[in-house]
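Q: Input sequences plus hints: build the corresponding full structure.
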Amino acid sequence: MIPIFAVVGHPNKGKSSIVATLAQDDSVAISSASGTTRVSENLVVSVGVSHYTLVDTPGFQRPASVLKWLQQHAVSADKRQDAVKKFVNDEDCKLKFPEEVQLLTPIINGAAILYVVDGSRPYGPEYEAEMEILRWTGQASMALINPIENEDHIQSWQQALGQYFKLVRVFNAMQADFEKQLSVLEAFSHIKEQWHATITGLIVEYKKIRFQRQEESLQLLVELLTKLCAYQVSQRVLSRSQAQALQAGLETRFLKDMRNIEQQCHDALKGIYRYHNLDSEIVDLQLEENLFDTEKWILWGLNRKRLTAAASMAGAATGAAVDLAVAGSSLMLGALSGGLIGAGSAWFGADKIAEFRVKGQPLGGFEARQGPIKNRNFPYVVLGRYLYLATALRHRTHARRDSIQIGEGDLADRIAALSSKEQSDLHEALERLRRQQGVEELRAVLEPVLVAAKT
Amino acid sequence: MGLMVGFVVGYGVLSGDSLGRVNLLFLLMLFAFVPVIGLIMSIGFIVSGGGRGLAGWILELPILPPRLTVEILNLGLSGSRKSWLFYQTQVLALSFALGGLLVYLLLLLGSDISFVWRSTLLEAADILPILRVLAMPWWFWPEAQPGLDLLQQTQDYRLSSQTANPPVLGQWWKYIFAAQCTYNLLPRTLMLLVARRRYERAMSAPSIRQGQGQPSRNPLNRLSEEAVLAPVVDAIASPYILLDWAKSPDFCQTHISSVIGAPAEVRVIEPLPLATAADNAVTTQSLLVLVKSWEPPLGELGDYLHSLSGSQQKFILPLDWGEGAVKPITANHLNEWRRFCGSLSDWQLLQLDESP
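Heads up: the sequence lines are chains R and U, in that order.
Each residue of the first sequence is one higher than the last, beginning at 1 in this note's numbering.
Each residue of the second sequence is one higher than the last, beginning at 1001 in this note's numbering.
Keep in mind that the hints were calculated from the coordinates and are not lab data.
Just so it is clear, the structure is predicted and the values come from calculations on it, not from any experiment.
Yeah, the Cβ is synthetic: ideal placement off N, Cα and C, and Gly gets one too.
Treat the hints with care, since some could be wrong.
What the hints assert, rightly or not - Which stretches of chain R does chain U cover? Using the computed rule of at least three CB atoms under 8 Å from a CB of chain U, they are:
hint	segment
1	3 to 13
2	52 to 62
3	118 to 125
A: Next comes the structure, spelled out in structure tokens:
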């Protein structure tokens, strides 16, 4: 049985915000203007293999009139639920009370009630008619006090709501953390027995998803750091002057690409946390200016040093094969002499090789290159910005519509909170990345700082 | 690269001495012992989750073009770099095995390889059990099993010019072939499959290049932004009747009186019943409906205001209060009421001008 919750209440008291937060969906329409929600909207929330449905409903518009109508159609308490059923199916009521018909229909069809009020404003008796109507439906219900501006009137609300609802919880749609969100579901599992197993399953799935998000955001961080630290743009040409002429174009492309890579990663991180409409602002990456370089290359892009090393190893390997053939009786002189011959030929013959042409194409030339970043702080800046966003997303709810200003955050404090070995591993890994050397255990090295950022 | 090295090394070992003699034990070391050690190390890496394999060490050598090194880093492997390196190591090892096997088969076809063995300490009877153990996996191939006779006939002494019948010396080829397939080719193929699976699993995690999450749905309930905002007035014609929809505390009425003068009459209004024609005919005085600024205008209020159909001047006054005093109304709330008032034909929105 799939649990279904109708979120109901006065207009503009945060119903849609609560739906957005619980569904973790920032595409739910939220407006400061009342009456935004005109028809009930079912939102199926998929949590791993489990599902539940939230119904965002219009606010009550004529509760006193509706209650009067119901009272006229129910002579005793046992007829009240039937009166509400009759109300939602009555054609005249659909015309006169469209909002109430919309909001009561899912409840009559079996949805549990999440009644939302604003705890920052005083309780008023005008709410009693709608609470009474909800009581007449006979469905399982819970009241959520949403302190929109402050918590000044929570106590008076608790006293009033306690007379109509079995469960009353304070739930700030803008600040409710993961545990708080789960607690609402958990509470329902106690008041609606037939949903207990499903809701328990949902909670387990939610916890799995939280772990999975952490893993995915870690993977993104690893990829971002590796990519940005190694990123370079280059172009091969025939002469050094041609290479130098490319400087301006390569610089522009490099800068644009670097920003795009970071932006894409941040967008992907938002996607992991299911923010599809969230805007973020970030200061452009400050990249050092003198990253341009031109270098002569010979054969497959190898420079003279690397060509010499490669030739030396190839020569040594060939010589070693000869040594093997004579079962080592050559005292490994084959490997030694092969290495020396290879190295000498490459070093002294490099220029000649570069001039050779195969089908008119030279085997050497010049390469204009922009990047990679050499600044030691660069990986830390990228890391800090990513952690800032990850932390903000984790502590944010999907009801918020403001943008995030991404800063570098308090990376130094976070690193300081790690153990000395974790710190040392992190510094070493970032230094290796800066030198464009792979780090096999980068995930494991970054995990503590990412986890620390989330607590 | 692995294929080439396997080919060169295989050729180096199998070409033997000037008489084409190849040390059988040496071959076994190359084609059985070393691969098995390598295999054990690879399995150890899988179990322990450590190590980066031969490919990792090769990538560290300064022999690759910088662009290639960066491209390898940019493959998006970082999270799964270890599994990628491990996979590449298996590719390398399998290529090496194939290179060795290829050169072996080519030399068998185009040359005469004489398999001999030499030892100062060991006799044929000492070696035979080891060779038999090694040959157990291909028990179904009797021609490739070792025999004491063959061992004795192929023992070689370099100072001795006497050798066994040359065709006998070639009979070990099946044994060596089976050893290569069993201890090198087959396990490395399996390891490659395992490594590939690990690598693919590691790569299945989301990456920057992949689209994340679900696309935004197209939600209902988008509000039209074209609402008309009513102007705000700050004066009301006296005398007026105060219709208290908000059921406000006394200090609110005191405050209103202090700013715009005392009302001629105060009525506390309920949503029901609506005003009747008789109610409307009673007075021509201005009407001032006092509402809570923070409560959005409900349909019930709209119904009530519509029921007040007299021709007198009509005003709505949203008021905010708390802690025993009237407070300034927030911009959000004011706009809410301006929108509401803008939708009514003969109502004006009043705000109290408290300036002296």
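Q: Would you mind marking each hint as holding or not holding in the structure?
A: Okay, the hints, checked on the actual structure:
Proximity of the segment 3 to 13 of chain R to chain U, defined as three or more residues with a beta carbon under 8 Å from a beta carbon of that chain, is established by the 3 residues found. With 5 residues having a beta carbon nearer than 8 Å to a beta carbon of chain U, the segment 52 to 62 of chain R meets the requirement of three or more and the stated coverage holds. By the rule of at least three residues with a Cβ nearer than 8 Å to a Cβ of chain U, the coverage given for the segment 118 to 125 of chain R holds, with 5 such residues.
Of the numbered hints stated above, none is contradicted by the structure.
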